[in-house]
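**Q** Just so you know, the protein sequences line up as chains A and B, in that order.
For the first sequence, counting from 1, position 273 maps to 514 in our numbering; every step adds exactly one.
For the second sequence, counting from 1, position 53 maps to 186 in our numbering; every step adds exactly one.
Zero decoy hints are in this set.
If you anchor each label on the Cβ, the simulated ranges turn out as follows:
#1 B/N413 / A/D572: 20 to 26 Å
#2 A/R520 / B/L151: 45 to 51 Å
#3 A/N507 / B/R209: 38 to 44 Å
These are computed hints drawn from the structure, not numbers from a lab.
Predicted, not measured: the structure shown is a model, and the values here were computed from it.
Virtual Cβ for every residue (Gly too), placed ideally from N, Cα, C.
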Amino acid sequence: MSMIADTPATMKPRAEALFRRKRLTAVAIPALVLLYLTYAFFAFDVPGLLGRASLDNARALVADTYSYKTHVTRDNADGGLRIAIEGERKGTYAEGTGPDWVQFGDTTTVDLGDGSVVTFGEDVSIDVPGYGIVRAEPGAGGVNATFPEGPMPDFVNASKNRVTITTPNGRLTITRRASEAFRYATGWELFFFTLDSPYHGLSFAQLAVKTWEGEGGAILHDIWFNPMWRHGDVAWALFETILMAFLGTFGAALVALPLAFLAAKNFTPLVLVRQVARRLFDFCRGVDALIWTIILARAFGPGPLTGALAILVTDTGSFGKMFSEALENVDGKQIEGVQSTGAKPVQRYRFGVIPQVTPVLLSQVLYFFESNTRSATIIGAITGGGIGLLLTQAMITQKDWEEVTYYIILVILMVFAMDAFSGWLRRRLISGGDS
Amino acid sequence: MAELSSDGRLADIREDYLALTRRKRLYSGILLSLFVALMASGFMIADARNAGGFWDGIANVFVFPKIVIAEAWEKRAELPAHVVEYFPALLETINIAAVSTLIGTLIAVVLSMLSTRGLARWPRLIPLFRRLMDVMRAVPEIVIALILIFVLGGGPVPAMIAIAFHTSGALGKLFSEVNENASLKPVEGLASVGANWSQRMALGVVPQVSPNYLSYALLRFEINIRASAILGFVGAGGIGYELKNAMTWGAGKYDDSAAIFLMLFLTIVAVDQVSSVVRNRLAHGRASEMLA
Numbered sequence: 242m243s244m245i246a247d248t249p250a251t252m253k254p255r256a257e258a259l260f261r262r263k264r265l266t267a268v269a270i271p272a273l274v275l276l277y278l279t280y281a282f283f284a285f286d287v288p289g290l291l292g293r294a295s296l297d298n299a300r301a302l303v304a305d306t307y308s309y310k311t312h313v314t315r316d317n318a319d320g321g322l323r324i325a326i327e328g329e330r331k332g333t334y335a336e337g338t339g340p341d342w343v344q345f346g347d348t349t350t351v352d353l354g355d356g357s358v359v360t361f362g363e364d365v366s367i368d369v370p371g372y373g374i375v376r377a378e379p380g381a382g383g384v385n386a387t388f389p390e391g392p393m394p395d396f397v398n399a400s401k402n403r404v405t406i407t408t409p410n411g412r413l414t415i416t417r418r419a420s421e422a423f424r425y426a427t428g429w430e431l432f433f434f435t436l437d438s439p440y441h442g443l444s445f446a447q448l449a450v451k452t453w454e455g456e457g458g459a460i461l462h463d464i465w466f467n468p469m470w471r472h473g474d475v476a477w478a479l480f481e482t483i484l485m486a487f488l489g490t491f492g493a494a495l496v497a498l499p500l501a502f503l504a505a506k507n508f509t510p511l512v513l514v515r516q517v518a519r520r521l522f523d524f525c526r527g528v529d530a531l532i533w534t535i536i537l538a539r540a541f542g543p544g545p546l547t548g549a550l551a552i553l554v555t556d557t558g559s560f561g562k563m564f565s566e567a568l569e570n571v572d573g574k575q576i577e578g579v580q581s582t583g584a585k586p587v588q589r590y591r592f593g594v595i596p597q598v599t600p601v602l603l604s605q606v607l608y609f610f611e612s613n614t615r616s617a618t619i620i621g622a623i624t625g626g627g628i629g630l631l632l633t634q635a636m637i638t639q640k641d642w643e644e645v646t647y648y649i650i651l652v653i654l655m656v657f658a659m660d661a662f663s664g665w666l667r668r669r670l671i672s673g674g675d676s
Numbered sequence: 134m135a136e137l138s139s140d141g142r143l144a145d146i147r148e149d150y151l152a153l154t155r156r157k158r159l160y161s162g163i164l165l166s167l168f169v170a171l172m173a174s175g176f177m178i179a180d181a182r183n184a185g186g187f188w189d190g191i192a193n194v195f196v197f198p199k200i201v202i203a204e205a206w207e208k209r210a211e212l213p214a215h216v217v218e219y220f221p222a223l224l225e226t227i228n229i230a231a232v233s234t235l236i237g238t239l240i241a242v243v244l245s246m247l248s249t250r251g252l253a254r255w256p257r258l259i260p261l262f263r264r265l266m267d268v269m270r271a272v273p274e275i276v277i278a279l280i281l282i283f284v285l286g287g288g289p290v291p292a293m294i295a296i297a298f299h300t301s302g303a304l305g306k307l308f309s310e311v312n313e314n315a316s317l318k319p320v321e322g323l324a325s326v327g328a329n330w331s332q333r334m335a336l337g338v339v340p341q342v343s344p345n346y347l348s349y350a351l352l353r354f355e356i357n358i359r360a361s362a363i364l365g366f367v368g369a370g371g372i373g374y375e376l377k378n379a380m381t382w383g384a385g386k387y388d389d390s391a392a393i394f395l396m397l398f399l400t401i402v403a404v405d406q407v408s409s410v411v412r413n414r415l416a417h418g419r420a421s422e423m424l425a
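Construct all of the structure, not just a fragment, from the sequences and the given hints.
**A** Written as structure tokens, this is what we have:
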């Protein structure tokens, strides 16, 4: 870059070369990205995946998030009737009671909505409007169903031992051993009280009166220990998740702070010590939370402590690196000033260094606290603690999607709350700390 | 000046100062003891709710790694074969991270421009896009991944979509902070010659901010490699899935686990190092090129 060479004649080709290069990158980079995405499209087998994707699962999932099913099951052998919400034992109606669309008597009729009526009597029959009556006499020889004349419509699925009739709002399944009808209804049933609670079905006003009469404790007890939704357990799980993030993040900060001094150039002149500290940080970060979780779970067993320790070890590495960088950027004048008053080394650190780096470190720690609330959900799913465990358990059963929805909403609210809290704390401690 | 030097006034100031210091110390002390109490009680609760206790466990921390290392050392001759065997899975994990970072970055660029004052296409909708990014950031990846695994079946795509979703929100926020500092002059210049919104953004804003974008995207890539390994463990393919299988087989297959540990470790360290070098260059270097 000598000054003599910079004449228009020499500058023009240089500028043109630069333009050519820029024009080339403007085309080449998007082309490379596109090429890579095309490769990934086939490497991930997206066409095959779209073929395998289960729309039925998606539909069941969406329907289940805002509605629930009530199953009416007849034992074909003894004629016994059982009515249960979501078919679960915890949601079973007492004998002789049920929702208002079930009529008891010698023959029980179940109104599936949209005009379809199921009758459980000597035999099982369903009257589908616009189609006709399907009658079945389940027994040793199979379902023995008779259908109206004409071709079989799509909503009927029949074989010798099993007949399924799907109506817009429910379904009837007949097998040799049992006949089961269910009907969808909107909402999250039994969210506050299960059927065996004396407070089930009461209005808010009635509950308020009962609370006034001194039953508030019992009401809260029934909500908290609701066996279907397990609000108490869920609250504990959320708390465990936050606890993991809290212990892990702040524990890591406490461990990393002294080590960071060893890794900072201006505090540790010894190259060997510095290198050892830095490699230790790299190792902690490189092994990653996943592997730490697996290793620590072997020693400590599943639970929140394992998750907290996994976060602690991983973040010790991250904090150590960030803290030592912050320490290398401190202003030496303040330390000299403190030293000139005759301060000993510990006092020099306390009054010369710590006040300078505290705001930086604190804000980093709080950012990590925020993101670790999310990580703790995932680590909980692996190590078996907190809301992550509940979430994976509910998903593995693949039927309680309303609970999955509930947990997801809680997780998002928890993350929002932690974001807001750490943001508030950051503003208070960092900008408000000086005043 | 006369009053200041008088003894009474000086004593007042001194008294005030000491009172202030005492109060500050008191507050700091309360805050510190509160923090210590929280840590201690939190530790005790976590210890009580854990299957194994802390003090029993701490003695056994090295038992499992020792077994794994011993077995891997015994079968060290098979290590290269394992590396070859698991390399496709590692590649899948890296691919998941790379594709999700790419797609997430592209979405984040658009979202960030839509939510930056002065650049937004629809200024009234800025709060909407900001909230949208907050929600995308808040949803943990595992939630989306598990739902998509249920609908789409296992494999890399659910993990990729889940990570891309989170990445869009996280990067969108950072990008919009970068956009705030971009000069509006090129944008106005382009507007004056009749450029439409996407042309103004692509030609006026992106060249100014792309080094910062790239730097954040690389940082995100580091994070996403870890995320994609972890999601594999819950059923989304890649090296995490292989690790889970190897762990389930248990003793006798620990050489597989050790090989996977090692590959994952080396990959993470390598990506960290490369990305930190590139990011340093983006932040400090290239001055000569920018002047030319």
